[in-house]
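Protein chains: 2
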Amino acid sequence: MSRYALLVQYDGTPFNGWQLQDRGRTIQEEFEKALGILSRENVRIHASGRTDAGVHALGQVIHFDLQKDIPLVKLCLGMNGILPSELSVKNAYRVNDDFHARFSAVQREYIYFIYKYPLRTPFMKKKAMWINFPFEADYIRKVTSHLVGEMDFKSFCKKISQHNGTVRKIDSIDVTEQDELIKIRFRANGFLHNMIRIIVGTTVQMYRENRDPSYILEILNEKNRDMSGFTAPPYGLYLNKIIYEPPLNFYESAF
Amino acid sequence: MSRYALLVQYDGTPFNGWQLQDRGRTIQEEFEKALGILSRENVRIHASGRTDAGVHALGQVIHFDLQKDIPLVKLCLGMNGILPSELSVKNAYRVNDDFHARFSAVQREYIYFIYKYPLRTPFMKKKAMWINFPFEADYIRKVTSHLVGEMDFKSFCKKISQHNGTVRKIDSIDVTEQDELIKIRFRANGFLHNMIRIIVGTTVQMYRENRDPSYILEILNEKNRDMSGFTAPPYGLYLNKIIYEPPLNFYESAF
Numbered sequence: 000m001s002r003y004a005l006l007v008q009y010d011g012t013p014f015n016g017w018q019l020q021d022r023g024r025t026i027q028e029e030f031e032k033a034l035g036i037l038s039r040e041n042v043r044i045h046a047s048g049r050t051d052a053g054v055h056a057l058g059q060v061i062h063f064d065l066q067k068d069i070p071l072v073k074l075c076l077g078m079n080g081i082l083p084s085e086l087s088v089k090n091a092y093r094v095n096d097d098f099h100a101r102f103s104a105v106q107r108e109y110i111y112f113i114y115k116y117p118l119r120t121p122f123m124k125k126k127a128m129w130i131n132f133p134f135e136a137d138y139i140r141k142v143t144s145h146l147v148g149e150m151d152f153k154s155f156c157k158k159i160s161q162h163n164g165t166v167r168k169i170d171s172i173d174v175t176e177q178d179e180l181i182k183i184r185f186r187a188n189g190f191l192h193n194m195i196r197i198i199v200g201t202t203v204q205m206y207r208e209n210r211d212p213s214y215i216l217e218i219l220n221e222k223n224r225d226m227s228g229f230t231a232p233p234y235g236l237y238l239n240k241i242i243y244e245p246p247l248n249f250y251e252s253a254f
Numbered sequence: 000m001s002r003y004a005l006l007v008q009y010d011g012t013p014f015n016g017w018q019l020q021d022r023g024r025t026i027q028e029e030f031e032k033a034l035g036i037l038s039r040e041n042v043r044i045h046a047s048g049r050t051d052a053g054v055h056a057l058g059q060v061i062h063f064d065l066q067k068d069i070p071l072v073k074l075c076l077g078m079n080g081i082l083p084s085e086l087s088v089k090n091a092y093r094v095n096d097d098f099h100a101r102f103s104a105v106q107r108e109y110i111y112f113i114y115k116y117p118l119r120t121p122f123m124k125k126k127a128m129w130i131n132f133p134f135e136a137d138y139i140r141k142v143t144s145h146l147v148g149e150m151d152f153k154s155f156c157k158k159i160s161q162h163n164g165t166v167r168k169i170d171s172i173d174v175t176e177q178d179e180l181i182k183i184r185f186r187a188n189g190f191l192h193n194m195i196r197i198i199v200g201t202t203v204q205m206y207r208e209n210r211d212p213s214y215i216l217e218i219l220n221e222k223n224r225d226m227s228g229f230t231a232p233p234y235g236l237y238l239n240k241i242i243y244e245p246p247l248n249f250y251e252s253a254f
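So the sequence lines, in the order shown, correspond to chains A and B. The opening position of the first sequence corresponds to residue 0 in numbering that gives the first Met the number 0, with each subsequent residue numbered one higher. The opening position of the second sequence corresponds to residue 0 in numbering that gives the first Met the number 0, with each subsequent residue numbered one higher.
Hint data in this document are derived by calculation from the structure and do not stem from the laboratory. Heads up, some of the hints might be wrong.
[Unchecked claim] Computed cross-link-like contacts, DSBU-like style, restricted to lysine-lysine with a CA-CA straight-line distance of at most 30 Å:
hint, chain 1, residue 1, chain 2, residue 2
1, B, Lys115, A, Lys126
2, B, Lys126, A, Lys73
3, B, Lys240, A, Lys126
4, B, Lys168, A, Lys126
5, A, Lys182, B, Lys125
6, B, Lys125, A, Lys126
7, B, Lys126, A, Lys240
8, A, Lys182, B, Lys182
9, B, Lys168, A, Lys125
10, A, Lys115, B, Lys125
11, B, Lys126, A, Lys182
12, A, Lys73, B, Lys125
13, A, Lys124, B, Lys168
14, A, Lys125, B, Lys141
15, B, Lys32, A, Lys125
16, B, Lys158, A, Lys182
17, B, Lys126, A, Lys32
18, A, Lys240, B, Lys124
19, B, Lys126, A, Lys125
20, A, Lys124, B, Lys73
21, B, Lys126, B, Lys67
22, A, Lys115, B, Lys222
23, B, Lys124, A, Lys32
24, B, Lys168, A, Lys182
25, A, Lys115, B, Lys158
26, A, Lys73, B, Lys168
27, A, Lys32, A, Lys153
28, B, Lys182, A, Lys240
29, B, Lys73, B, Lys158
30, A, Lys126, B, Lys158
31, A, Lys124, B, Lys32
32, A, Lys32, B, Lys157
33, A, Lys126, B, Lys157
34, B, Lys125, A, Lys125
35, A, Lys124, B, Lys182
36, B, Lys222, A, Lys124
37, B, Lys124, A, Lys125
38, B, Lys222, A, Lys126
39, A, Lys115, B, Lys240
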């Protein structure tokens, strides 16, 4: 038996999120189906974390065990040949038996994209949140600076997912702007359900309501989801990178 | 009568190019249809230049005349409400009666995108030429440096379009690389039919054949399309910007 990890990408638009479920096509299902065809084994795949319906991935990591030995390059090319065009494998690694895509991860990085312009563009359709009113990257910077560190993010967690503890530690939030595109990069060990999307939606709403950036602290301290703003759309969110220790490139890889 | 200019964008994938024709949906047709619905006038639209089937535009410019007066913001919002999601208006200008989208243009800028990685990615599907072997931006830089200036580009022009003279002046070609994406930016007063795509395809082919970058001069001097390489795919090409004198922002604009 060998354990493999794959670095994968997907356009989340046509899927009902990562996790297997009764309704709708899921990304996990497509990857397991393709791997089953390629390996002729019945394979269960584990991801670094689930992504919700519509969320994209530039650097999701998954792992699984195979009885037979498949060369890493063949695994990449074979999977890409079988997978629908919205999904792809970017690299393959032969990892240790105790590597776990989810539990071995030490940091997760997500990017939220905002397209800021009065008019829509075909190139950002379902790829970024479109904001058609004035909005300042510097305001986002000021608001989110209050959220770096370890705190109880209960106000920024979907209600039905608050049962397992809502304290998290955000390592950094960076905001950059180029032309009409604003990128907000979040780094943390882990995020709560909808956390980034609620932080982004709340920031937009605060700006519209002319709130001082420090108002985010009042929302935070209330520990109440009803105090924060709307949940920004899933298609602005990209799972960008998962950091492991040792890093993935410590292992044998296809490319 | 008032003359209007629009800055427009389109994802060329589902269209049979810009120009009206008997077969397939064209971009001109969609814009004229939308403008007809909005203005209730029978309108002929002129573009800065045609783009071929599959070619994209980030900054195409078109102009037309209307009998009635339509506020510029309403023109933008109205058109975007009617146009299919692959097409959009980015800005509208009220221009002088002697402004012509094609004949007033003093410079045209196109960008060719190459995705260089052994494996495909969903995010570049029909958005860039995919090259799955080693390829160097610096090699492209060396090859294309020989093509800046005024010369006879007959070797880089589609055969059936060589009748109207094949001398052109390229003002600059810049090559930049970030992660897996190579961008080649071409600036000229005008380009021949398929010129950029043949230059890009020839450069790729020369690299594969281990040719010295200066070999492009031999091809150029032959003035023969049979000497150059393949025509790179249309979906890597973006019409990025049209420069006018006075510039478009000299006029009243919607945004």
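Here is what the structure says about each hint:
1. A distance of roughly 22 Å separates the Cα atoms of Lys115/B and Lys126/A; the hinted pair therefore holds under the 30 Å criterion.
2. Simply put, Lys126/B and Lys73/A have alpha-carbon atoms about 26 Å apart, close enough for the 30 Å limit, and the pair holds.
3. Pair hint Lys240/B plus Lys126/A holds up; C-alpha atoms about 23 Å apart against a cutoff of 30 Å.
4. Of the pairs offered as hints, the one joining Lys168/B and Lys126/A is violated, with about 37 Å between alpha carbons and a cut-off of 30 Å exceeded.
5. For a cut-off of 30 Å, the pair hint linking Lys182/A to Lys125/B stands: about 24 Å separates their Cα positions.
6. A hinted pair counts as satisfied when its Cα atoms are at most 30 Å apart, and Lys125/B with Lys126/A qualifies at roughly 15 Å.
7. The straight-line distance between the Cα atoms of Lys126/B and Lys240/A is roughly 23 Å, inside the 30 Å bound, and the hint therefore holds.
8. Between Lys182/A and Lys182/B the alpha-carbon distance is near 21 Å, which keeps this suggested pair within the 30 Å criterion.
9. For the given pair, Lys168/B sits about 39 Å from Lys125/A by alpha-carbon distance, which is inconsistent with the 30 Å threshold.
10. Between Lys115/A and Lys125/B the CA atoms are separated by roughly 24 Å; this keeps the pair inside 30 Å, and the hint holds.
11. The suggested pairing of Lys126/B with Lys182/A holds, with an alpha-carbon distance near 21 Å, which does not exceed 30 Å.
12. A C-alpha spacing of about 25 Å is found between Lys73/A and Lys125/B, which places the hinted pair at or below 30 Å, so the restraint holds.
13. Restraint check for Lys124/A and Lys168/B: the C-alpha separation of about 36 Å exceeds 30 Å, so the hint is violated.
14. Taking the CA atoms of Lys125/A and Lys141/B, the gap is about 38 Å. The hint is violated against a cut of 30 Å.
15. A distance of roughly 25 Å separates the Cα atoms of Lys32/B and Lys125/A; the hinted pair therefore holds under the 30 Å criterion.
16. The straight-line distance between the Cα atoms of Lys158/B and Lys182/A is roughly 45 Å, outside the 30 Å bound, and the hint therefore fails.
17. At roughly 27 Å between alpha-carbon atoms, Lys126/B and Lys32/A fall within 30 Å of each other, so this suggested pair holds.
18. Restraint check: the Cα-Cα separation between Lys240/A and Lys124/B comes to about 21 Å, which is no more than 30 Å; the hinted pair holds.
19. Restraint check: the Cα-Cα separation between Lys126/B and Lys125/A comes to about 15 Å, which is no more than 30 Å; the hinted pair holds.
20. Between Lys124/A and Lys73/B the alpha-carbon distance is near 22 Å, which keeps this suggested pair within the 30 Å criterion.
21. Distance hint between Lys126/B and Lys67/B is unfulfilled; the C-alpha atoms sit about 38 Å from each other, more than 30 Å.
22. Note on Lys115/A and Lys222/B: the hinted pairing is violated, with a Cα-Cα distance of about 47 Å set against a maximum of 30 Å.
23. Between Lys124/B and Lys32/A, the direct Cα distance comes to roughly 22 Å. Compliance with the 30 Å bound is thereby established for this hinted pair.
24. Under the criterion of a C-alpha separation no larger than 30 Å, the hint pairing Lys168/B with Lys182/A is inconsistent with the structure, at around 38 Å.
25. The suggested pairing of Lys115/A with Lys158/B is violated, with an alpha-carbon distance near 43 Å, which exceeds 30 Å.
26. About 47 Å separates the Cα atoms of Lys73/A and Lys168/B, which puts this hinted pair outside 30 Å; it is violated.
27. Between Lys32/A and Lys153/A the CA atoms are separated by roughly 37 Å; this puts the pair beyond 30 Å, and the hint is violated.
28. Taking the CA atoms of Lys182/B and Lys240/A, the gap is about 24 Å. The hint holds against a cut of 30 Å.
29. The suggested pairing of Lys73/B with Lys158/B is violated, with an alpha-carbon distance near 43 Å, which exceeds 30 Å.
30. Of the supplied pair hints, the one linking Lys126/A and Lys158/B is violated, its CA atoms being roughly 39 Å apart against a limit of 30 Å.
31. Straight-line distance between C-alpha atoms of Lys124/A and Lys32/B comes to about 22 Å, which keeps the hinted pair within the 30 Å bound.
32. With a C-alpha separation of about 45 Å, the suggested pair Lys32/A and Lys157/B falls outside the 30 Å cut-off, and the hint is violated.
33. For the suggested pair Lys126/A and Lys157/B, the alpha carbons sit about 35 Å apart, so the restraint of at most 30 Å is broken.
34. Note on Lys125/B and Lys125/A: the hinted pairing holds, with a Cα-Cα distance of about 16 Å set against a maximum of 30 Å.
35. Among the hinted pairs, Lys124/A with Lys182/B is consistent with the structure: their alpha-carbon atoms are about 22 Å apart, no more than 30 Å.
36. For the suggested pair Lys222/B and Lys124/A, the alpha carbons sit about 43 Å apart, so the restraint of at most 30 Å is broken.
37. The suggested pairing of Lys124/B with Lys125/A holds, with an alpha-carbon distance near 15 Å, which does not exceed 30 Å.
38. With a C-alpha separation of about 44 Å, the suggested pair Lys222/B and Lys126/A falls outside the 30 Å cut-off, and the hint is violated.
39. The suggested pairing of Lys115/A with Lys240/B holds, with an alpha-carbon distance near 20 Å, which does not exceed 30 Å.
The structure fails to meet hints 4, 9, 13, 14, 16, 21, 22, 24, 25, 26, 27, 29, 30, 32, 33, 36 and 38 from the earlier list, while all remaining hints are met.
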